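A.B. asks: Guided by the hints, dock chain R onto chain F, whose structure is given.
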Amino acid sequence: MDIKVRVWRQPSTSSAGKMVTYDVKDISPDASFLEMLDVLNEKLILDGDDPIAFDHDCREGICGMCSMVIDGVAHGPERATTTCQLHMRHFTNGDVIDVEPWRAAAFPVIKDLVVDRTAFDQIIQAGGYITAPTGTAPDAHATPVPKKDADAAFEAATCIGCGACVAACPNGSAMLFTAAKVAHLGLMPQGQPERDTRVIDMLQAQDDAGFGGCTNAGECTTVCPKGIPLTLIGRLNSDYRKALRNR
Amino acid sequence: MSDLWNDGDPIADTAAPDGPIETRWERHRFSAKLVNPANRRKLTVIVVGTGLAGGSAAATLAEAGYRVKSYCYQDSPRRAHSIAAQGGINAAKNYRNDGDSVYRLFYDTVKGGDFRARESNVYRLASVSANIIDQCVAQGVPFAREYGGLLDNRSFGGTQVSRTFYARGQTGQQLLLGAYQAMERQIGLGNIEMNARHEMLELIVVDGKARGIVVRDMVTGEITTEFADAVVLASGGYGNVFFLSTNAKGCNVTASWRAHRKGALFANPCYTQIHPTCIPESGTHQSKLTLMSESLRNDGRVWVPLSVGDKRAPGDIPEDERDYYLERIYPAFGNLVPRDIASRAAKNVCDEGRGVGPGGLGVYLDFADAIGRLGRKAVEAKYGNLFEMYQRITGEDPYEVPMRIYPAVHYTMGGLWVDYNLQSTIPGLFVIGEANFSDHGANRLGASALMQGLADGYFVLPNTINNYLAAGPFPDISENPAVAEARATVEERITKLLSIDGDRTVDSFHRELGHIMWEYCGMERTEEGLSKAIGLIRGLRDEFWQRVKVPGTGEQLNQNLEKAGRVADFFELAELMCIDALHRRESCGGHFRAESQTPDGEALRHDDEFSYVAAWQYADESGKPTLHKEQLEFEYVHPSTRSYK
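Quick note, the sequences are listed as chains F and R, same order.
Counting with my numbering, you get residues 1 to 247 for the letters of the first sequence.
Counting with my numbering, you get residues 1 to 645 for the letters of the second sequence.
These are calculated hints, taken from the structure and not from any lab test.
Computed from a prediction, not measured in an experiment: that's the story for all the values here.
Just to be clear, a hint being listed does not mean it is correct.
[What the hints assert, rightly or not] Lysine-lysine pairs mimicking DSS-like chemistry, simulated, CA-CA at most 30 Å apart: (1) R:563 / F:43; (2) R:496 / F:43; (3) F:25 / R:549; (4) F:18 / R:563; (5) F:148 / R:382; (6) R:377 / F:148; (7) F:4 / R:563; (8) R:549 / F:4; (9) F:43 / R:549; (10) R:382 / F:147; (11) R:532 / R:563; (12) R:563 / F:25; (13) R:377 / F:147.
One chain only, chain F, in its complex shape (with noise of 0.2 Å):
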């Protein structure tokens, strides 16, 4: 098929930007996205042209490196899939698709459609974790967990990071993927002792990343490629309410 691409070119973070159209010919409907991106920047190097940079890595859908805004939708048109599992089956001989990176205040652009998310790294360091020293671990049947917990705690945990929530949100808030880290730590009885120092410092590092604050506009859970769903930003919120109260 014969498409043709409009893609944001930023040579760096400090520069300005802009749309460009490429066209993509032949290409196979068996590709994927990120192949059909391959296949457009080796003709660009063959034609003395700076090819598209953009972040991917295991293209398997699980690392979350991969980043793009395709039509206006993180990840494209697909429900719950990377861009990198999103094939060109799903569009039509002679679309013209938009491709932009990731665009929120915490995410700047490092070129093209390379954006930084540091800031979700941030967020993770002032308490999504179970202090939990090598060593020190007692035998792992000691504390059983009940089934529906474990299961609970394991779907938040499918996170992949990779950022669609913010994308897609309005305010560019990362409450999703906040949320969902408090979730999967505040289930598991291994994550109570810190429960509410780790709702308030990980709310307070999001806030001072430059991320938005949360609407409930609910777009986050719409483009999120595992379906991490918004009522766990119902959870958070109540366990934000629980510390303060406990503090």
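C.D. replies: Showing chain R alone in chain F's frame:
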């Protein structure tokens, strides 16, 4: 074969203790020197890579009080490729009371590795495996649990005991997030200096000791020299030498290869694991291959058409014109034969012209019987997420049409040679996880990669490195000429790559190299093919240095420059892999030499001649590598022949 390599001295000392195997690790730890807690904060350790091995090591060393500097090429330490591991992690907990034990896990691992691993190391791995599960649970890793609240286990890869712990199909992700979170805690406390989007491009060796690395900031292009009292490489495997593999796109051998060039021996490079259940290539655009859990073989039946060139749709081929070849050749194990055997059988039927799908490179994995027997609902409950993944990638519905699968490179058992302390032949350079040649011998068992990465990082290295660091802190090296020299090597290479300005892209070379390796150093190797491959690789490498086109400059984010450096190192590794495969005139584990097989086509080992680790010393580009042998002694598990018929 002396025109390709030199024979060197055997490896005399592996630092492995002797005496009863059950107490070797304990005695070794007791005899090692310790570092006073007050002195630890004067000692710096560099850790390259943040996967299960590197992440767990960095966190643990920082908790112990060392100053840690960590590097990864991704934008966050959470993204290392350990994250993609699906199946599970083995541990000898014997929670099922089904006869498992440390000794049994040790025995299975040595045997599964086709008797090409060091017994002392494997026993230690099995004995610390239980601690890993305790550690991960304490961190809040949400393992699968039973209704009583205890951890669930499953049997994996045909073992007779259930010792595999798992978190649905995302075990690697959950274990890595545990290590990552422990690391981030230490970063927040100021004990780890994290350098994401940084790539190690050279090792700094001063007075024979590893003392630092040269790194490139992948965002600004700035080259810096980083110093430490010891360097730990946890930079993963080299499967991407094949271009197409199940590795992440960024996985590369550069950190290991630069250390190899500086004197670290590279062991058993030809041992690669080819996984039988991957989604086949769909065309020339293919950039990587995706693995599907081999648990699919528990219920799926593997077949191809009986006759060559049968192009009918699978549903139109009647039962008696299908060849369920695994069930036919291996009636005892059927579709559940080990990975290497299933992979080679698929290659054989495709070579006969009976393969299915584009290019005839695929075999069917058919669930029609399972759906008929168990019902669609039951199959969906077991494999729903895998079916969905398959459909997403291929656009075909596996409930209606049989899946197509083909083998793909998945894991590399070879790597930098290390002794019992996980120290390479360069003092102060330690190598952990997939990057070392390690504990899997010639073939790795399912669910053992995660176990080894975390064993090395949480429990082994943090103990063994003390004995080395006790002699530190070492003198300041910033003015040493070796530092400027290492830096100059990196800068000259980057300048060279950018200046060629030829007419072929890096990817086009990488793809061609991958074809050569897959064809001649893949599932089946012959003397003729390997000799041919060495010539082809050399020719292509020369062409690369004449014709490669790397756009842009070194002072910016330049993904093609990164790739070019990695591919240049893959060329050198590829040649060594072929030499290693050529010299090993036996079949063992993942290494099948067509000249060494039984009359009915099974792998034939030659223990009398090849019961050793082949550790290669680097020779400069015009010269030959030198082979050093570490003789393997089997005091506990006596070599036998694997049989699955």
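A.B. asks: Does each hint hold? Answer for all of them.
C.D. replies: Hint check:
no., hint, result
1, R:563 / F:43, "holds, 17 Å"
2, R:496 / F:43, "holds, 23 Å"
3, F:25 / R:549, "holds, 22 Å"
4, F:18 / R:563, "holds, 26 Å"
5, F:148 / R:382, "holds, 19 Å"
6, R:377 / F:148, "holds, 22 Å"
7, F:4 / R:563, "holds, 26 Å"
8, R:549 / F:4, "holds, 25 Å"
9, F:43 / R:549, "holds, 12 Å"
10, R:382 / F:147, "holds, 18 Å"
11, R:532 / R:563, "holds, 26 Å"
12, R:563 / F:25, "holds, 25 Å"
13, R:377 / F:147, "holds, 22 Å"
When held up to the earlier numbered hints, the structure conflicts with none and fits them all.
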